[in-house]
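Engineer: The listed protein sequences derive, respectively, from chains A and B.
Numbering-wise, my numbering puts 248 at position 248 of the first sequence, and it's gapless, one number per residue.
Numbering-wise, my numbering puts 275 at position 275 of the second sequence, and it's gapless, one number per residue.
Hints are not guaranteed to be accurate.
Any copy, or any two copies together, can satisfy a pair, since identical chains are not distinguished.
Pairs of lysine-lysine residues, derived as DSS-like cross-links and limited to a Cα-Cα distance of at most 25 Å, are as follows [stated by the list, open to error]:
1. K181 x K197
2. K291 x K390
3. K181 x K291
4. K242 x K367
5. K7 x K100
6. K388 x K291
7. K355 x K106
8. K237 x K197
9. K355 x K154
10. K28 x K197
11. K72 x K106
12. K388 x K197
13. K386 x K154
14. K72 x K144
15. K99 x K237
16. K144 x K28
17. K355 x K422
18. K291 x K144
Since the hints were derived computationally from the structure, they do not count as laboratory data.
As the structure is a computational prediction, the values presented were derived from the model and not from experiment.
2 protein chains.
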Amino acid sequence: MADESQKWVLMVTAQTPTNIAVIKYWGKRDENLILAINDSISVTLDPAHLCTTTTVAVSPAFNQDRMWLNGKEISLSGGRYQNCLREIRARANDVEDEKKGIKITKKDWENLHVHVASYNNFPTAAGLASSAAGFACLVYSLAKLMNVQEDNGKLSAIARQGSGSACRSLYGGFVKWVMGKEQNGSDSIAVPLVDEKHWDELVIIIAVVCSRQKETSSTSGMRETVETSALIEHRAKEVVPKRIIQMEEAIQKCDFATFTHLTCADSNQFHAVCLDTSPPIFYMNAHLIGKIISCVEKWNRSEGTPQVAYTFDAGPNAVLIARNRTSAALLLQRLLFHFPPNSETDLNSYVIGDKSLMEDIGIQDIKDIEALPPPPEIKDKVPAQKYKGKISYFICTRPGRGPVLISDDSQALLHPDTGLPK
Amino acid sequence: MADESQKWVLMVTAQTPTNIAVIKYWGKRDENLILAINDSISVTLDPAHLCTTTTVAVSPAFNQDRMWLNGKEISLSGGRYQNCLREIRARANDVEDEKKGIKITKKDWENLHVHVASYNNFPTAAGLASSAAGFACLVYSLAKLMNVQEDNGKLSAIARQGSGSACRSLYGGFVKWVMGKEQNGSDSIAVPLVDEKHWDELVIIIAVVCSRQKETSSTSGMRETVETSALIEHRAKEVVPKRIIQMEEAIQKCDFATFTHLTCADSNQFHAVCLDTSPPIFYMNAHLIGKIISCVEKWNRSEGTPQVAYTFDAGPNAVLIARNRTSAALLLQRLLFHFPPNSETDLNSYVIGDKSLMEDIGIQDIKDIEALPPPPEIKDKVPAQKYKGKISYFICTRPGRGPVLISDDSQALLHPDTGLPK
């Protein structure tokens, strides 16, 4: 090991995207290893708008593993963190930094401690898959720090033990989590289907309904569903396998109509099995979500061909996937018409992410939103309903790339000398 | 036939209860005959509080079949009315009223027209099974008028052709609608399980959330579910048959814990398959309903043994079945605590039906409601939520008897001389 008197700190910073499932993961067959009862498929979201940045550091000066999430220290004693740390350490290799005069042998890693600092650029635990991006980034950055040679597929099986959906954040584009058959979970890994350039017309708008923490955690929710729902087994064994095949084909062919049908149906079925749970789980704020669904369904029907797919995770937020930029602009007009901001809201913080869509529709201030006409598919007889201030903000984004290393040290979240948060 | 110059009117008045399914009917295998894809079980509600009263009249002076519902003339040209009228006429027999000097032969019925007047003592088409009571009463009263000899089981197969759940209103107590196997529907009939005295401890409270007409009719809703849900077939073929057996046993044994588990689970599963429909059907005003469910679930858990079962039909109303009068009083306290009336509401029209429960809990005016303490199962940390004015009214009732003839002519809805509405 390097001389302990030398108080060096070795660091790696990585950025990992979040992802949203279009064929949902709900239900485990193994709680500890986090093995799913069905395959799932997700789209990785552009890390420019939603991602986790994590810096991991090692130093002989550290006397315990420590972690800070969004600036606040959190405990690493939980089984999920321990599983990830143990699995990565077991695969560590020799590391040498000649410039800094650091040499760590494979065996040294057993006795060295790490510091981890992680930051989400979006609300934590509001149903936006923050734990997916978080565990993917933890595993990815530790693997780079410890010179782990395994590919991203093998790393995905480790990230999976932190949070099931985290495995899908190891790749960009569209990703399948293969449930696998092995008892030890070694074949329960993420597989890239197509990269983010394959279907680059898609535009994604997320309506963040509220950033309160969700009421039922996914972990306990899916456990209760598996234990009490009379429909979940049929879903996992009969319905999802067919949908996975159809969805893979739709993605390969960029067949938006089939993609929309499957995405919406699977989101609704996921919420259906939640409702079939005893006691029932309501993730959807049904009033508002029902309005978003009916707005999308009405427009899709009036156009003849689907313009937008919707999907809702274990939280109240709506993820809307538009077939292209034109549809996305029309969608944003509809969303802003039905869900205008409160008058005191700064428009700049109401539509975030890729703001260029706002230029496309010529909206510069709140008066422009108030002047929006009702969408043509709304019948004149029915007065158009508006839900002012019910949406916190919209994020405009697109399919994005997988994890990347950040070489610019100024972006590290830990101090290069102390290994403590900046 | 009786002399046409004699302008006699012969009338029959009957009263038929409504019913609420505890194992739900959702999905038809034959749209015209109204044959279900699974058996269902219901409890008949006391007609003193919820019923349809129907007067049917025949006279040689009538030149067409006519019907008035709640005082307003409606068309009888719909297939459902025509099916019921045709099937009953086909079974008509000789009728003689010596006192009035009326003699109608079996054959005469082909050429005689009827007048029908029907009145619901509760909101129509708000998910309170008004069509069930209505068609049951139409068929029952016409059968009596036309001296049809078939028993209530055979009549139920005719009422079923008016509205599926109507067949279950031909009996009191708990009733099973056997889906049957025959193509012509002859074995798709209601069967009485136990009469209303068998489990007479039960008390039923209905929270009427709003009396607007429901958004999706049951007919189109269940058609869309059968056509698009990937879960409905599994429900009908695998889940419901087991629940029917368990529910029959629970009813025979007056086993309230099993009854509650099955009733709540089946209500939730019915709404789950609605959500699994494309586009999804939201019958539940999830915010309010979620509050009622969580109030009941929380209390049941805190008591150790279930006190109340809940079930929701294709409308926003909650039907709550309490194990006995003591539980019902405690339930009503909780409901009034969480859902107090608006200050201008007359308490006398806020809790209707069996008002004696209000005496049990010592509530005489709105101030008594405002003084109700939070239920003990609510943790002090969480401030108890109140939803003032969100419930239109509560109906307190119990399991009730089947159809009856009303011999008191003063209660007839048609004028004895003209056969027109009074």
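Engineer: Treating 25 Å as the Cα threshold, decide for K28 and K197: within, between, both or neither.
Structural biologist: Classified as neither; 32 Å inside a copy, 46 Å across copies.
Engineer: As a check of your reading, is K291 near K390 (CA-CA no more than 25 Å) within one copy, between copies, both or neither?
Structural biologist: both (11 Å within a copy, 20 Å between copies)
Engineer: How would you classify K72 and K144 at a CA-CA limit of 25 Å: within, between, both, or neither?
Structural biologist: Intra 24 Å, inter 78 Å, cutoff 25 Å: intra-copy only.
Engineer: When no copy is specified for K386 and K154, does a C-alpha distance of 25 Å or less occur within a copy, between copies, both, or neither?
Structural biologist: So K386 and K154 fail the 25 Å test inside a copy (48 Å) and across (52 Å) alike.
Engineer: Can you give me the call for K7 and K100, within, between, both or neither, at a CA distance of at most 25 Å?
Structural biologist: within (11 Å within a copy, 115 Å between copies)
Engineer: How would you classify K181 and K291 at a CA-CA limit of 25 Å: within, between, both, or neither?
Structural biologist: Answer is neither: 40 Å inside a copy and 41 Å across each miss the 25 Å cutoff.
Engineer: Is it within a copy, between copies, both, or neither that the alpha carbon of K237 lies no farther than 25 Å from that of K197?
Structural biologist: For K237 and K197, the Cα distance exceeds 25 Å both inside one copy (32 Å) and across copies (44 Å).
Engineer: For the identical chains here, do K144 and K28 meet the 25 Å Cα criterion within one copy, between copies, both, or neither?
Structural biologist: neither (29 Å within a copy, 59 Å between copies)
Engineer: I want to check one pair: K388 and K291. Are their C-alpha atoms no more than 25 Å apart within a copy, between two copies, both, or neither?
Structural biologist: Answer is both: 13 Å inside a copy and 24 Å across each meet the 25 Å cutoff.
Engineer: I want to check one pair: K388 and K197. Are their C-alpha atoms no more than 25 Å apart within a copy, between two copies, both, or neither?
Structural biologist: Answer is neither: 36 Å inside a copy and 53 Å across each miss the 25 Å cutoff.
Engineer: 25 Å Cα cut-off: does K72 pair with K106 within a copy, between copies, both or neither?
Structural biologist: neither (31 Å within a copy, 88 Å between copies)
Engineer: If the cut is 25 Å between Cα atoms, do K291 and K144 qualify within a copy, between copies, both or neither?
Structural biologist: Neither: 45 Å inside a chain and 48 Å across chains, both beyond 25 Å.
Checked against the numbered hints above, the structure breaks hints 1, 3, 4, 7, 8, 9, 10, 11, 12, 13, 15, 16, 17, 18 and satisfies the rest.
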